[in-house]
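**Student:** Sequence lines, in order, name chains A and B.
Take 7 as the starting number for the first sequence in the numbering used here and just add one per residue.
Take 2 as the starting number for the second sequence in the numbering used here and just add one per residue.
Just so you know, these hints were derived from the structure itself, not from any lab.
Errors might be hidden in some of the hints.
To be verified - Sample of chain A residues lacking proximity to chain B, with all beta carbon distances greater than 10 angstroms (derived): (1) 13; (2) 29; (3) 87; (4) 107; (5) 119.
As the list claims (entries may be wrong) - Below, in silico cross-link-like pairs of lysine-lysine (DSBU-like), each with a Cα-Cα straight-line distance of 35 angstroms or less: (6) 107(A) x 75(A); (7) 45(B) x 75(A); (8) 10(B) x 45(B); (9) 58(A) x 9(A); (10) 58(B) x 58(A); (11) 45(B) x 58(B); (12) 10(B) x 75(A); (13) 107(A) x 58(A); (14) 10(B) x 107(A); (15) 9(A) x 58(B); (16) 9(A) x 107(A); (17) 75(A) x 9(A); (18) 15(B) x 45(B); (19) 58(A) x 45(B); (20) 10(B) x 58(B); (21) 107(A) x 58(B); (22) 107(A) x 45(B); (23) 45(B) x 9(A); (24) 58(B) x 15(B); (25) 15(B) x 58(A); (26) 58(B) x 75(A); (27) 58(A) x 75(A).
All residues carry an ideal CB built from backbone N, CA and C; glycine is no exception.
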Amino acid sequence: DAKTTQPTSMDCAEGRAANLPCNHSTISGNEYVYWYRQIHSQGPQYIIHGLKNNETNEMASLIITEDRKSSTLILPHATLRDTAVYYCIVRVDFDTGTASKLTFGTGTRLQVTL
Amino acid sequence: NAGVTQTPKFRILKIGQSMTLQCTQDMNHNYMYWYRQDPGMGLKLIYYSVGAGITDKGEVPNGYNVSRSTTEDFPLRLELAAPSQTSVYFCASSYGVGRTETQYFGPGTRLLVL
Numbered sequence: 007d008a009k010t011t012q013p014t015s016m017d018c019a020e021g022r023a024a025n026l027p028c029n030h031s032t033i034s035g036n037e038y039v040y041w042y043r044q045i046h047s048q049g050p051q052y053i054i055h056g057l058k059n060n061e062t063n064e065m066a067s068l069i070i071t072e073d074r075k076s077s078t079l080i081l082p083h084a085t086l087r088d089t090a091v092y093y094c095i096v097r098v099d100f101d102t103g104t105a106s107k108l109t110f111g112t113g114t115r116l117q118v119t120l
Numbered sequence: 002n003a004g005v006t007q008t009p010k011f012r013i014l015k016i017g018q019s020m021t022l023q024c025t026q027d028m029n030h031n032y033m034y035w036y037r038q039d040p041g042m043g044l045k046l047i048y049y050s051v052g053a054g055i056t057d058k059g060e061v062p063n064g065y066n067v068s069r070s071t072t073e074d075f076p077l078r079l080e081l082a083a084p085s086q087t088s089v090y091f092c093a094s095s096y097g098v099g100r101t102e103t104q105y106f107g108p109g110t111r112l113l114v115l
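Could you build all of it, start to finish, from the sequences and the hints given here?
**Tutor:** What follows is the structure in structure tokens.
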């Protein structure tokens, strides 16, 4: 399984862009990078995913390096409600069927401040 | 849609007691999952199901049992509660349509075993 490495914590001022890095140097060519976040004690929430191209949705942008060994999640205008733990996950398929196993590490705790 | 619902929200068990954590989804998802999250840690997969009547073990299945008699419900059973099972339990579901599937999580059940 591809492992991910994320900083333990980061701070960001409200209204500024939050750039959360993730290293996944052993990623395989057919593995996707997923980002989830967990606000306080709630269930994780899907943010975005990508394979090798940059992706953008209403929540965030995902920048994946050309060699796919690292990626950056960008929250363009962070608000206090974006304070959460952010998980970078490389999606691994089960051996049977196509159900996915999401391996959650400890993530990055993002604190957005006034 | 209510999404993924879990009951109860919180429960205290004595060592050796048993209980069932309920999980229901109304999105007609084929795949369902149970995770546990210990304090300060990421989520670990306990069991998963790719459809009614089909279940399989995840990373930490010992001490738990599951069943999947309908598409909507995926209960998790603890037969002999132990202090090591004190955790927050999250149920999730997904369409299961391939590599780009995303998982939707419930609000969690907080379990304390004394």
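**Student:** Evaluate each hint against the coordinates.
**Tutor:** Verification of the hints:
1. 13: holds, 15 angstroms
2. 29: It holds; residue 29(A) is separated from chain B by about 16 angstroms at its closest Cβ, greater than 10 angstroms.
3. 87: holds, 17 angstroms
4. 107: violated, 6 angstroms
5. 119: Holds: least Cβ distance 22 angstroms, greater than 10 angstroms.
6. 107(A) x 75(A): holds, 20 angstroms
7. 45(B) x 75(A): Given pair residue 45(B), residue 75(A) holds - Cα atoms ~24 angstroms apart, limit 35 angstroms.
8. 10(B) x 45(B): holds, 19 angstroms
9. 58(A) x 9(A): holds, 17 angstroms
10. 58(B) x 58(A): This hinted pair holds, its Cα atoms lying about 31 angstroms apart.
11. 45(B) x 58(B): Roughly 12 angstroms between the alpha carbons, so the hint for residue 45(B) and residue 58(B) holds.
12. 10(B) x 75(A): violated, 39 angstroms
13. 107(A) x 58(A): Status holds; Cα separation ~20 angstroms.
14. 10(B) x 107(A): holds, 25 angstroms
15. 9(A) x 58(B): holds, 21 angstroms
16. 9(A) x 107(A): Cα-Cα ~13 angstroms, so holds.
17. 75(A) x 9(A): Within the cut-off at roughly 11 angstroms; holds.
18. 15(B) x 45(B): Within the cut-off at roughly 23 angstroms; holds.
19. 58(A) x 45(B): Distance of about 27 angstroms is within 35 angstroms: holds.
20. 10(B) x 58(B): The given pair, whose Cα atoms are some 24 angstroms apart, holds under the 35 angstroms limit.
21. 107(A) x 58(B): holds, 11 angstroms
22. 107(A) x 45(B): holds, 10 angstroms
23. 45(B) x 9(A): Answer holds: residue 45(B) to residue 9(A) is near 15 angstroms, not above 35 angstroms.
24. 58(B) x 15(B): holds, 25 angstroms
25. 15(B) x 58(A): Violated, at roughly 49 angstroms.
26. 58(B) x 75(A): holds, 30 angstroms
27. 58(A) x 75(A): holds, 10 angstroms
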